[in-house]
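Peer 1: Since the structure of chain A is provided, determine the placement of chain B on it from the hints.
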Amino acid sequence: MRKSYLIPEFRVEIDHTRCRRCKRCIMNCSYEALSFSDRVVADHFKCVACHRCIVFCPENVITVRKNPVDFKESFNWTNRHRLDIWKQAETGGIPLTGMGNDLPYQIIWDHLVLDACQVTNPSIDPLREPMELRTYLGKKPDSLQFEETADGKIKLKEKPPKNIKLEMPVVFSPMSYGSISLNAHKAMAMTAKEMGIVMHTGEGGLHKDLYDYSDYMIVQCASGRFGVHAEYLKRGIAVDIKIGQGAKPGIGGHLPGEKVGLDISKTRMIPIGTDALSPAPHHDIYSIEDLRQLIYAIKEATNYKPVSVKIATVHNVAAIVSGIVRAGADIVYLDGFRGGTGASPKIVRDHVGIPLELALAAVDDRLREEGIRNQASIIAAGSIRSSADAIKAIALGADAVAIGTAALVAIGCRVCQTCHMGKCAWGIATQRPELARRLDPEIAAERLINMLKAWKFEIKEVLGSLGLNAIESLRGSRERLRGIGLDAQTLDILGVKPAGK
Amino acid sequence: MNHNYQKDISGCGLSGLISRSKKRIPGEVIIKSICPMKDRGNGLGAGFAAYGIYPDYSDYYAFHIMYDHGTAKDIAESFIEANYEIAKQERIPHKKTENIVYHPMLYRYFVKPKDKRPDSQFAELEGDDFVVRTVMNINSSIEGAYVFSSGKNMGAFKGVGFPSEIAEFYMLEDYAGYIWTAHNRFPTNTPGWWGGAHPFTLLDWSIVHNGEISSYGINKRYLEMFGYSCTLLTDTEVVAYLFDLMVRKHGISFNIACKALAAPFWKDIDALPEEEREAYTWLRMVYGSALLNGPFAILFGHSNGLIGLNDRIKLRPLVCAENGDMVYMASEESAIREICPKPERVWYPRAGEPVIVNLNSDEKN
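Going line by line, the protein sequences match chains A and B. The first sequence begins at 0 in numbering that gives the first Met the number 0 and counts up by one. The second sequence begins at 0 in numbering that gives the first Met the number 0 and counts up by one.
No wet-lab data here; the hints were simulated from the structure. Keep in mind that the hints are not guaranteed to be accurate.
BS3-like cross-link-like pairs, simulated, lysine-lysine; straight-line CA separation at most 25 Å [what the hints assert, rightly or not]: (1) B/266 to A/158; (2) A/422 to A/65; (3) A/152 to B/266; (4) B/115 to A/164; (5) A/455 to B/266; (6) A/164 to A/71; (7) A/452 to B/266; (8) A/258 to A/345; (9) A/156 to B/266; (10) B/248 to A/158; (11) B/21 to B/72; (12) A/192 to B/266; (13) A/152 to B/72; (14) B/313 to A/156; (15) A/22 to A/2; (16) A/161 to B/266; (17) B/266 to A/154; (18) A/161 to A/71; (19) B/248 to A/154.
With the rest of the complex left out, here is chain A:
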């Protein structure tokens, strides 16, 4: 075998003087970086810094460090470029990766700050005063007609369209059964029910074990149509048509055959062991008219439940969304270019698409200019890392945010970016039964619920500091944001004033 020119990215260091040789680390290392030969030894090449060994070492004797090997310095020829070239020179293939874009593009969220009350508009203490985060996703009419009785009671004259009720403006991003384990799905489903929010099934269909949670599910119709049948569509409270994904705009999906076991085969309705390829285009959608037909076909099939359309954020996103809304979508799901993924060509993940912040601002502006903002809700997604990102997204114009990676991090993910290998040591991005069972859905749900409760408290605190007691007063209220270190054109697109003004 030819010698690889690559060098290990990490070094696993074990304090053998304190190691009791219990081999728990070896059992936990799904990447087979650790083995035993008189003592625990590491194959540094295989370590992905998933930290599983560190967390489960009873003696705390394991350290994983970035390999401190120096390269000849170059601002232009970064280590990243050199390593990628060596990989390509050795394989002739496209380097794949998991999770989101990690290049140092400016993260606009981190250059936005929020307002706060001082004297004239008192801040509100959310521990003592009501603080409302309830949000409804879906089409709203521009106005309403009421009937009023003599004793002051009111009722609607017409039945409005169906909407999705959320007790906080957060949903789980579409992550398919296949890309992540059933236990991860179960944890999200339990959390969604407990927190009064919803999860997306992603394109992998809905496992029968989760049918009890279908009131909290948005089901997805992606190009591969995996698991899409009448029962599935009817079970969801809404249907999402996936056009694009932030991590890989214009790229389809691929679940390797080795991940397609019996359960996934049944759920996706494909033979065991076959590759599940979902192409970039839907082969019945080549125009906005085609999309409109599919939207209305799904509405007919589901008794007019809300239909969402998910797209990746790209340069012309505002015009595209205008078309999508006019085609009848009730929800538009914007997935920014930092969004996560199970597997993506690195070149696409890192260089295609635009930041969510700019896309969101442009879309909200465009829909308002056209007077159709009420006709669809906007879900902002693509690396919402904290409640602060969520709050800023809502102030820019989102109705709600979707979280994928953040949810996975809550249940153990270390963002090691190797989801595509299917060896996730935490039992999240894997279908290997011995790994998937590491994730206890109830414990994972508890962690997710805790994280969302914490976000809920944080959002309420910030709303209170802004003197607001309802989330709808922040939605699109860019007046409450200021930019720091953003250029004038970026500020202009965001519709945000610079700090100090």
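Peer 2: Showing chain B alone in chain A's frame:
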């Protein structure tokens, strides 16, 4: 002084009164009521709105316009002359007072839109809509001109000064109306300017406000979707436009409009019977961007009545009283007792519960 300031944030005192039988009350009554609340202002703004003051021109829109300079006046007048029949135009009567030395040029015009109008953009609009567009157009495009009143048989009078000074300046004791509102302003972060004083008006709607609309940003963006331009950059402006949108354009009642502006909490909505729950849920869903968040007490005058409304956690004071035909609303009870020492009933409206008083009717909450 122009409108290119940041929005202002106000403290403020309010007073309002209405004679349900349309008995015309002299201006000195409202002046007597608002002046004792001097500490609620700082001399940087005061104003009055009065209904029933132009009975001879009750079919005409009464435009009150401030001009910073003659050029603005020329441009605005040429637009008005081209698009409106003018029954009368004159300087708004006023006099020099000790403290009000500098002020804009103040004119009023009693007008009706012409049947055939050259305004190419909005020529097809009906009367009220055309007037709204005229107000937006003058306020946003003619530098140095501000329409500060545009209703029928009503008018706003406002400026920089304490209420007593503004009343003296406009000689309000010479007017009589069946609804009056008054405002004493305490701006804290911008200089007071004539256009920024209350009331804010559009058509017959007039608003005086104590507080700050913390949701101003989204209220403004919401209104812009329906063609309203918030040119005065003062948070109160949005309240007048929101009423115009909901009541005049969308045809919902004052009561329901108030329930959108100061919406009931979800926990209270959830406890309602199904039909009502659905109605209030949708009211919040559709008009969420119109919700007025932050502290406020407002008096909302219109050609058929007067409405008092507090924010939904009552962060600003509002007291009401009733005596026979008259209903009074003010920031402080003393302001009412000054002009009605022994009212039959005094009450403090609950948070978010509108007090709606209509002319020629006993209907009220």
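Peer 1: Run the structure past the numbered hints and jot down the numbers of the failing ones, going up.
Peer 2: 4, 6, 11, 13, 14, 15 and 18
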